[in-house]
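Let's have the full structure, built from the sequences with the hints guiding it.
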Amino acid sequence: MEMREATPEERKSFYTEEWNKREIPNFILHTLSLREFGFDLDGTGPSHRYNQFTTVEQLEDFMRNRAPYSAFTSVALYERPSAREGWLKAELVLDIDAKDLPLKTCGCSPGSVCERCIDGARKVAMEFAETLRGDLGLRDVNFVYSGRGFHVRVNDEAVMELEQTERGQIVEYLTGSVIPTDITMAFGYSKVFRERVARTFEALDEGQLLKVKGLRKSLVHRLMAEKARALEAFRTGRFEELSSFKDMGPKTFRQLVEFLRRVNSEFTDGKVTIDTKRILRLPSSLHSGVSMKCMFVRDIERFKLEDAVPKFIREGERP
Amino acid sequence: MFPPEYLAVLDPFADEAKKIVGAAPPFDAMPQEIVERAVNRVKLSSKEMVVQPDLESIQAEILSFYLMCQGVASVSFPYSHETRLISNATRDTIRYRMYDLFKRGQEDLCMKAVRRSIKLVELEDGDRAKIGGTNIPREDFYKLRDQKLEEDGIETVDDRVLPQYLPKYGVRWTDIALLLRYRRAELTKLYLVGGWAILTARDLWDFYANFISVRTEEYVQSVYERIAESGAQPSKALVEVGGRISSLLPKELEFREKFARMPAGRLRPEFFPPCVNMALAGVGAGSRNYAIIMILTPFLSYARIAPSGRVATRVADFIDDISIVRDEIAPPIFEAAERCNPPFFKDQPQEKASIFYHMGFGMTTDPTLADSGRSKWYRMPNCSKIQMSASTLCKPDEFCRNIKNPLTYYFRKRSEHTRAGGGG
Ligand code: SF4
Ligand SMILES: [Zn+2]
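Chains A and B, in that order, are what the protein sequence lines are.
Heads up, the working numbering is the position in the first sequence plus 3, with the first residue counted as 1.
Position 124 (the second sequence) corresponds to 123 in the working numbering; numbering is contiguous.
Only true hints are included.
Calculated pairs, DSS-like style, for lysine-lysine (alpha carbon to alpha carbon, straight line, at most 27 Å):
{"#": "1", "chain 1": "A", "residue 1": "Lys92", "chain 2": "B", "residue 2": "Lys394"}
{"#": "2", "chain 1": "A", "residue 1": "Lys274", "chain 2": "B", "residue 2": "Lys394"}
{"#": "3", "chain 1": "A", "residue 1": "Lys274", "chain 2": "B", "residue 2": "Lys188"}
These are calculated hints, taken from the structure and not from any lab test.
Here the structure is a predicted model, which is why all the values come from computation and not from measurement.
See below:
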């Protein structure tokens, strides 16, 4: 997969030939005039802020004429978006950036992404969405491919007026970054925590486990040798099973769980979620840094990276 | 046997309670036994928490509640230690009353009160508890019960206690977001199924009591802002009640504050509201005077000194070292004045003295504690006044939606930060 920067000419051709306002999802379209738009016009950063468009045609004119390097829109709705004033409410968002995922096994250098880590991000987005829809009973949970990861964007009225503290607690819940009171319950947070911990544990290799404070080498070997058994214990909450591993005293066990909990918290950037004035990449627009389309994903299970590749890359036309 | 007014005992903000207050004598002329009850409310024994179901007792209960709140608002500030003291006491009192009433077979009465604040459904009964079509597994049901029993340290249960520990209700978690905001509940501690938090009666009392407690804090805030609005001093009677409650604060609190790594009152610019930040950055000729004298001077002095325990008339009543004024409060004001365009004191040097005048030291540029009280210590104007007098300085952010006075902004934000675990 080619991920290179787009040239100004390619941007221009993308916005005149390929970009279509119909690819802007409804949750943005229906509230377009209440959102702040921000742009990075030439690749120097999103400094062109405080823009408001009352109709999608105005936005269309702008995109076609300026062919921005990047385009963003606020998660918040405002009375006066062009002044970022009169905050009304904001989407609940989770940002899963493939380049920042913990425990990558694809061998990508820090800061870069490949198809494998993008697929990892996709799975994390799906996990979050399942909990948002299930435990939290929320509707209108949307996915956006951001160009190098995924945004989960919830437009359910029930959460749009929440403030930072509550949003922070949602992040804790979704990621499994708090140790629950009772680990063995069939439903609720207890289950979410077990699933997340198991997923994290499964992805760990010996080298990473050896870095956990208090874990002896012999124990790490044993855990790896019998990974399936250990994993099952995490999944079912039967932690007695884990203490049957030699050298796994209560203190060691606590240190291991504490480590897993901390890794769990790194699957999304909580700062993005609690920022109720954030701007996020506009679905339909071009991520010029990697020449990928940021796009609304209707069916996350069947998402294919090819769908996000703009024509100028597919056709290999390099003017 | 319980008159309809009894609901006020469980919800001091209910219409039944408002009616009682409306018909009562003014709060600065309350009978002595109401005054005593207002002060004692923060140290009631569980027996004293229970209110007899007669009209007179109900009235005394409600009037003393409001007197307590107004007293505290007169001598301290929103989210002060005094405010916390009465809000916690209110929480404990309401929670105990619910528990006690339920035990005495008054479940309907309890639920009537709760339903006014919290929308809830009962779990579908039958063979298994069910909500929104989902069965709650048997084991989870009993684990939830045992968790709560353990939390309360209850080992032997009898038939009157046990029912309060069985999961029985469902609440949309988004309906109790206020409790999450104030850290009175935690999302990861709730048992959530399809958006429903499954609760026992005992959880319900807890959440409900916390709702009333949060509302008590908000009520103190609104009284504080009303006092700021009027500009008048609160009445002597209220000040006396507030002062007596203040003196009941645990002494070790003072101790802790004195020896804390950071002086408790030290100014925390990260919690300043937008208008204060604008003023600090220096402003143009048009609003210079207002920004420096009417906004910064009262804001920084009240925020730093955080007068509590008696009515704020003299700075010297609250500090015993003038360097707080000279080295902590005055310098940022003078620097902001310098940053104005044109610099404020350049063409109006006499305004230097005016700053200390507005803090109550009379016209001077060299204040001493002995001067304190020579003039009035001006209060912080409410937002509405600032918007009228210097509209360009008010650029409200999200947090401004919840407050009517910039000082409330500061105290509230600081307190939320502390509660969120950020440390004082
Ligand atoms: S609303 Fe009040 S606190 Fe907020 S900026 Fe305006 S005056 Fe200041
Ligand atoms: Zn990779």
